[in-house]
Amino acid sequence: MKRTYQHRGHTLDVSVETVCRTQEGAAALDHIALLLISSDEKMPFASLRIDRAAGRAFASEAEALMGGYSVGSSIVDKLIDDGKLMTGEIASSAL
2 MKRTYQHRGH
12 TLDVSVETVC
22 RTQEGAAALD
32 HIALLLISSD
42 EKMPFASLRI
52 DRAAGRAFAS
62 EAEALMGGYS
72 VGSSIVDKLI
82 DDGKLMTGEI
92 ASSAL
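If you read the sequence shown in my numbering, its first letter stands for residue 2, the second for the next number, and so on.
Please note: incorrect hints may appear among the correct ones.
[Unchecked claim] Derived Cβ-Cβ restraints for the label pairs, each shown as a range: (1) Gln24 / Glu62: 32 to 42 Å; (2) Ile81 / Ala28: 34 to 44 Å; (3) Asp83 / Tyr6: 17 to 27 Å; (4) Ile81 / Gln24: 35 to 45 Å.
[Stated by the list, open to error] Below, computed lysine to aspartate or glutamate pairings styled on EDC-like, alpha-carbon distance capped at 20 Å: (5) Lys3 / Glu62; (6) Lys3 / Asp31; (7) Lys79 / Asp41; (8) Lys3 / Asp52; (9) Lys79 / Asp31; (10) Lys79 / Glu62; (11) Lys3 / Glu25; (12) Lys3 / Glu64.
What the hints contain is simulated information worked out from the structure, not anything from laboratory work. Heads up, the beta-carbon is just placed ideally off N, CA and C, and yes, glycines get one too.
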């Protein structure tokens, strides 16, 4: 599943990767959001794998998409509103 969002002049490409893992003999699905942030059709300047929000794993693909969008829009907001921070610092604080 993949979606492209526009936020404050930036493009947020969010896709979802679903991984099957086993834990204590039971299979479970993990949904991971893959986020690319770009601006003005340049190469992406941020690429993140987001596997959880608020301390818990995403329960569905839709939740992972929205989690990726939420993190991406937070990063863009911080980049625009406080241009002094480095992208890595912003990404860490957005998670």
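Structure-based check of all given hints:
1. Against the hinted window of 32 to 42 Å, the Cβ-Cβ separation of Gln24 and Glu62 comes to about 20 Å, which falls outside the hint.
2. Between Ile81 and Ala28, the C-beta spacing of about 42 Å keeps the proposed range 34 to 44 Å intact.
3. Checked against the given bound of 17 to 27 Å, the beta carbons of Asp83 and Tyr6, roughly 21 Å apart, stay inside it.
4. Taking the beta carbon of each, Ile81 and Gln24 are about 40 Å apart, inside 35 to 45 Å as hinted.
5. Of the pairs offered as hints, the one joining Lys3 and Glu62 holds, with about 10 Å between alpha carbons and a cut-off of 20 Å not exceeded.
6. Of the supplied pair hints, the one linking Lys3 and Asp31 holds, its CA atoms being roughly 16 Å apart against a limit of 20 Å.
7. With a C-alpha separation of about 17 Å, the suggested pairing of Lys79 with Asp41 holds against the 20 Å cut-off.
8. Straight-line distance between C-alpha atoms of Lys3 and Asp52 comes to about 16 Å, which keeps the hinted pair within the 20 Å bound.
9. For the given pair, Lys79 sits about 28 Å from Asp31 by alpha-carbon distance, which is inconsistent with the 20 Å threshold.
10. Under the criterion of a C-alpha separation no larger than 20 Å, the hint pairing Lys79 with Glu62 is inconsistent with the structure, at around 26 Å.
11. Distance check on the hinted pair: Lys3 and Glu25 sit about 31 Å apart at the alpha-carbon level, beyond 20 Å; violated.
12. Restraint check: the Cα-Cα separation between Lys3 and Glu64 comes to about 12 Å, which is no more than 20 Å; the hinted pair holds.
The earlier numbered hints that this structure contradicts are 1, 9, 10 and 11.
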